[in-house]
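Q: Based on the hints, put chain E in the right spot on chain Y.
Number of protein chains: 2
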Amino acid sequence: MQTYFLGIDGGGSKCRASLSAEDGSIIGRGISGSANPFQSIDRTIESVTASVAAALEDAGLNEGQLRYTHAGVGLAGVNMPSFYRKIADWPHGFASMHLTTDLEVACYGAHGGPHGAVMVAGTGSGAFVSVNGQRRIYGAHGFTLGDTASGAWLGHKAVRAVLRAEDGLGPSTALSAVFAETAGKRGVNIIERMMTSTPRDFATLAPAVFDAAADGDAVAGDIVAGGASYLDRVARRLWEYDPPRMSLLGGLRERYANHLSGTTLERLSPPAEQPEVGALLYVRSRIRGDNRHDADVSAGFSE
Amino acid sequence: MQTYFLGIDGGGSKCRASLSAEDGSIIGRGISGSANPFQSIDRTIESVTASVAAALEDAGLNEGQLRYTHAGVGLAGVNMPSFYRKIADWPHGFASMHLTTDLEVACYGAHGGPHGAVMVAGTGSGAFVSVNGQRRIYGAHGFTLGDTASGAWLGHKAVRAVLRAEDGLGPSTALSAVFAETAGKRGVNIIERMMTSTPRDFATLAPAVFDAAADGDAVAGDIVAGGASYLDRVARRLWEYDPPRMSLLGGLRERYANHLSGTTLERLSPPAEQPEVGALLYVRSRIRGDNRHDADVSAGFSE
Chain Y
3 MQTYFLGIDG
13 GGSKCRASLS
23 AEDGSIIGRG
33 ISGSANPFQS
43 IDRTIESVTA
53 SVAAALEDAG
63 LNEGQLRYTH
73 AGVGLAGVNM
83 PSFYRKIADW
93 PHGFASMHLT
103 TDLEVACYGA
113 HGGPHGAVMV
123 AGTGSGAFVS
133 VNGQRRIYGA
143 HGFTLGDTAS
153 GAWLGHKAVR
163 AVLRAEDGLG
173 PSTALSAVFA
183 ETAGKRGVNI
193 IERMMTSTPR
203 DFATLAPAVF
213 DAAADGDAVA
223 GDIVAGGASY
233 LDRVARRLWE
243 YDPPRMSLLG
253 GLRERYANHL
263 SGTTLERLSP
273 PAEQPEVGAL
283 LYVRSRIRGD
293 NRHDADVSAG
303 FSE
Chain E
3 MQTYFLGIDG
13 GGSKCRASLS
23 AEDGSIIGRG
33 ISGSANPFQS
43 IDRTIESVTA
53 SVAAALEDAG
63 LNEGQLRYTH
73 AGVGLAGVNM
83 PSFYRKIADW
93 PHGFASMHLT
103 TDLEVACYGA
113 HGGPHGAVMV
123 AGTGSGAFVS
133 VNGQRRIYGA
143 HGFTLGDTAS
153 GAWLGHKAVR
163 AVLRAEDGLG
173 PSTALSAVFA
183 ETAGKRGVNI
193 IERMMTSTPR
203 DFATLAPAVF
213 DAAADGDAVA
223 GDIVAGGASY
233 LDRVARRLWE
243 YDPPRMSLLG
253 GLRERYANHL
263 SGTTLERLSP
273 PAEQPEVGAL
283 LYVRSRIRGD
293 NRHDADVSAG
303 FSE
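As you go down the protein sequences, you meet chains Y and E in turn.
Going by our numbering, the first residue of the first sequence is number 3, and it counts up by one from there.
Going by our numbering, the first residue of the second sequence is number 3, and it counts up by one from there.
Next up, chain Y with everything else stripped away, as it sits in the complex (with noise of 0.2 angstroms):
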């Protein structure tokens, strides 16, 4: 019987699969929705379920061959205990599951292999370190808790400024013009609309924070400098383990480009790989037996 080989990338907007062949080459590809445990379980194994199933019908087999795929998941918030038992737990129907963080297969992805850093700035952010088996995540720490510099970030810090800005206790902004034409409203009709929007919802305003940056806003300007002083900051923590490579990765990986420190820019190396192939690289080498670790993701990081 054939093996099969699955590389899965769950994210706060998309989760990406591709299925592999054991020779290594890519015979499926399969793209769903949200696929981030912090904003919900369910939704996120749905997801990751969707994925698979797109993949495999893109490569033409069916749900059969499942019991003969070995899985590598990447998924934010594993490295707790409490989501990753919970997605462990759950009847995946593959030959073997290997669940790890998305900054893990990301790094996978960047590096082409185990070793390397990465920083994710996207809706959420997060960064990784993994050298000579040292292992270190920064960040993702979420949206309510962390995220700093991510997209969501900063729509969010964005709209806070605008309301700031509204209430004469905050200087005015470019934005609450933005916002009101993207928005349709103002004051407490932005509250109304936005008060239980999601990390994504926030995060669709990033790009509108960065062209008034551009456009010479102070209040998004600083809004942008102060996510890229974390990126910096975060950068030289990452670089103190001296990795063999370091990337930015992410949806705002070529805005942030002109707000980095020069230090930073060049220590970056453009990514080799999407995270979804470093999810098929991670499971692999997981199943080679190479750089075991830990069943217990957060087990094997140092505090």
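Hints are computed from structural coordinates only; laboratory data are not their basis.
There's no promise every hint is true.
[Unchecked claim] For the chain E half of the interface with chain Y, some residues (derived, Cβ under 8 angstroms), not all of them:
| id | residue |
| --- | --- |
| 1 | Phe40 |
| 2 | Asp44 |
| 3 | Gly148 |
| 4 | Arg239 |
Keep in mind the model is a prediction, meaning the values are calculated, not measured.
From the three backbone atoms N, C-alpha and C, an ideal C-beta is built for every residue, glycine too.
A: Coordinates of chain E only, in the frame set by chain Y:
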């Protein structure tokens, strides 16, 4: 038939009701749980109902008296049309219900009538001024979008600072040890514990932030100074309306006293009565027909 009045003040932690006879004497009081529409409309209505039932019982009256009772109800967020409608449409059974913001009833209570200014720093935050027909809310944006200087804001800032310190991405702080003791946890366990925290949970950490600031912790000191500086700015805006009196209200009133500017402190007067008594004054004034304004409270505010 005797006519009664109910004054109800909903908040993020508690809902309080006072029942008065026609002569104004208070004949019953009731307390129940959280009544903040930002958190849950259903829970808010349950808590209002429970506080009213307790006040009726305290007065030795039964529910049959409700239809001879005029209720003044102050709740967060009802300046937003959607919240206003949902609560106004509730089949309350009162002779009449007069719904306004928690801030307006607090203002009636603090100053014994409709005119004056209030700032509230409790679980949430907000400010209100009513002078010569002008009525304006500042802040009161709810936890996700505002509540600057509130207990929830202080606790949330502190947790983020602790997580940044643990990542070596921010200054170390005595708050880390305090939270390790109160939460019994560090690092990823703080996230696991706090990621589903309510504003009220964050607000329980606020006294520890004031204590650490008093003990000289720079991180806690900066957080408290940020809250105090916001309240100073709010106080300046309120004072521009030339209110007859201005008060600082809420659970953090005394904790902030050492941190506000001398100018703000000089302008503050002690509150005369509690907000639920303010809600009684409010409903009686509405029934008498003074100070009439639009039924939709949001329509009465200047932008």
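Q: Hint compliance check: list the failing hint numbers for this structure, sorted ascending.
A: 2
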